[in-house]
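> Working from the sequences, and respecting the hints, build out all of it.
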Amino acid sequence: MTSLKITTRDATTGPVLEITGDLDYASAPELRGVLAALTLRPGQRLVLDLSGMTFCDSSGITALISGHHHAHAAGAEFALAAVPADTRRILRIVGLDQVFPLYADVDAALA
Numbered sequence: 401m402t403s404l405k406i407t408t409r410d411a412t413t414g415p416v417l418e419i420t421g422d423l424d425y426a427s428a429p430e431l432r433g434v435l436a437a438l439t440l441r442p443g444q445r446l447v448l449d450l451s452g453m454t455f456c457d458s459s460g461i462t463a464l465i466s467g468h469h470h471a472h473a474a475g476a477e478f479a480l481a482a483v484p485a486d487t488r489r490i491l492r493i494v495g496l497d498q499v500f501p502l503y504a505d506v507d508a509a510l511a
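Numbered continuously in my numbering, the sequence shown closes out at residue 511.
Don't read these hints as lab results, they were simulated from the structure. Bear in mind that the values here come from a model prediction, so they are computed numbers and not experimental data. Any given hint could turn out to be false.
[What the hints assert, rightly or not] Computed spacing ranges between beta-carbons, pair by pair:
1) S466 x G443: 16 to 22 Å
2) D486 x T407: 17 to 23 Å
3) A508 x A426: 29 to 35 Å
4) A485 x P442: 17 to 23 Å
5) R488 x K405: 16 to 22 Å
6) S403 x V499: 26 to 32 Å
7) A485 x R441: 16 to 22 Å
The beta carbon of each residue, even a glycine, is placed where N, CA and C say it ideally should be.
In structure tokens form, the structure reads like this:
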């Protein structure tokens with residue numbers, strides 16, 4: 401089990417959250433809290449960089465959905481970058497790949 405680390409940085413398009421470690425039942429509330437505290441403006445894009453995420457369970461998926469809702473409530477866009485293959489497969493199975501824009505890496509998500 402790898403503890404969750406969330407690093408936030410600003411890009412010209414909006415905030416980028418780098419998610420490292422396990423996004424699971426124990427750590428998902430931390431991500432939801434960070435997302436809820438973000439101030440987003442209409443037209444911005446919130447990008448979650450998942451390149452360092454090692455595991456994601458259903459609670460983690462729910463936290464991603466919360467981020468999507470938070471962004472859209474603020475009139476901002478939401479995107480996932482560098483989604484690990486296992487998580488991408490789950491998103492595809494449940495149809496969230498049709499809801500979340502998925503990008504190969506952060507640079508593509510910011511373009």
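> Quick check on a hinted range of 16 to 22 Å for A485 and R441, using CB atoms only.
Violated: the Cβ-Cβ distance is about 33 Å, outside 16 to 22 Å.
> With respect to the beta-carbon atoms only, verify the hint that D486 and T407 lie 17 to 23 Å apart.
Given a distance of about 22 Å, which is inside 17 to 23 Å, the answer is holds.
> Assuming the hint says 17 to 23 Å, is it satisfied by the Cβ distance from A485 to P442 or not?
Taking Cβ atoms as reference, A485 and P442 lie about 33 Å apart, which means the hint is violated.
> Hint says 26 to 32 Å; check whether the CB-CB distance for S403 and V499 agrees.
holds (28 Å)
> Starting from the range 16 to 22 Å, see whether the pair R488 and K405 falls in it by beta-carbon distance.
holds (21 Å)
> Falls inside 16 to 22 Å, the C-beta gap from S466 to G443?
holds (21 Å)
> Is the hinted range of 29 to 35 Å satisfied by the C-beta distance from A508 to A426?
Holds - the Cβ-Cβ distance for A508 and A426, about 31 Å, lies within 29 to 35 Å.
Checked against the numbered hints given earlier, the structure breaks hints 4, 7 and satisfies all the rest.
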